[in-house]
Amino acid sequence: MIILVDDFAPSLHLHARMLRERGLKVREADSAQTARRLVREKQPKLILLDVHLPDTNGFALCRELRAEYPDITIVMTSATYRDEASRVSAMYAGAADYLCEPISAESLASVVKRYL
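Numbering follows the numbering used here, in which position 49 of the sequence shown is assigned residue number 49; successive positions increment by one, without gaps.
Hint data in this document are derived by calculation from the structure and do not stem from the laboratory.
Ideal Cβ placement from N, Cα and C applies to all residues, glycine included.
One thing to keep in mind: the hints can contain errors.
DSSO-like mimics (lysine-lysine), calculated; alpha carbons at most 27 angstroms apart, straight line [as the list claims (entries may be wrong)]:
1. 42 - 25
2. 42 - 113
3. 113 - 25
Have a look at the derived ranges for each label pair, beta carbon to beta carbon [stated by the list, open to error]:
4. 113 - 60: 26 to 32 angstroms
5. 83 - 8: 14 to 20 angstroms
6. 114 - 20: 28 to 34 angstroms
7. 21 - 83: 27 to 33 angstroms
8. 1 - 110: 16 to 22 angstroms
9. 106 - 25: 17 to 23 angstroms
10. 40 - 20: 21 to 27 angstroms
11. 8 - 69: 23 to 29 angstroms
12. 101 - 55: 19 to 25 angstroms
13. 97 - 42: 19 to 25 angstroms
14. 82 - 106: 17 to 23 angstroms
15. 43 - 63: 15 to 21 angstroms
With the hints as constraints, model all of the structure from the sequences given.
Spelled out as C-alpha cells, the structure:
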C-alpha cells in the first residue's frame, strides 16, 4: 500500500494512475489531516509526500510521521522546492529520498520499486 499526499489534484491523480497501472495499491490524500487518517488506518509501506500542503508543510508532517511510524518509508516530492536546501531539509525530517517534479512514470516506478 502506498499513500500519495499532494494538494495539487492533477499531480495527485496522475501519480496515482501511474502507480495503479503498475498494479500497485494506492490511496490519495490532499491534506495532512487526510494523510494522518489514512496512515493510521492503512499502515502503508511507502508514503509519497509533497512539501506544500494546505494545512502544514511536508517537512513538518514528515517529522511527525517518522516519529510515530518509524518503519514506513517516506519519499518527499516537490515541483516548487527544487533546491539543495529543500533536499537537505527533507533528509533531516526523515525522508528516505527527495524527488523534484515533474516525475516520469519510469522514475516514479523505479523509486517505488526501490523502497517497497
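Provide an ascending list of the numbers of those earlier hints which the structure does not satisfy.
-> 6
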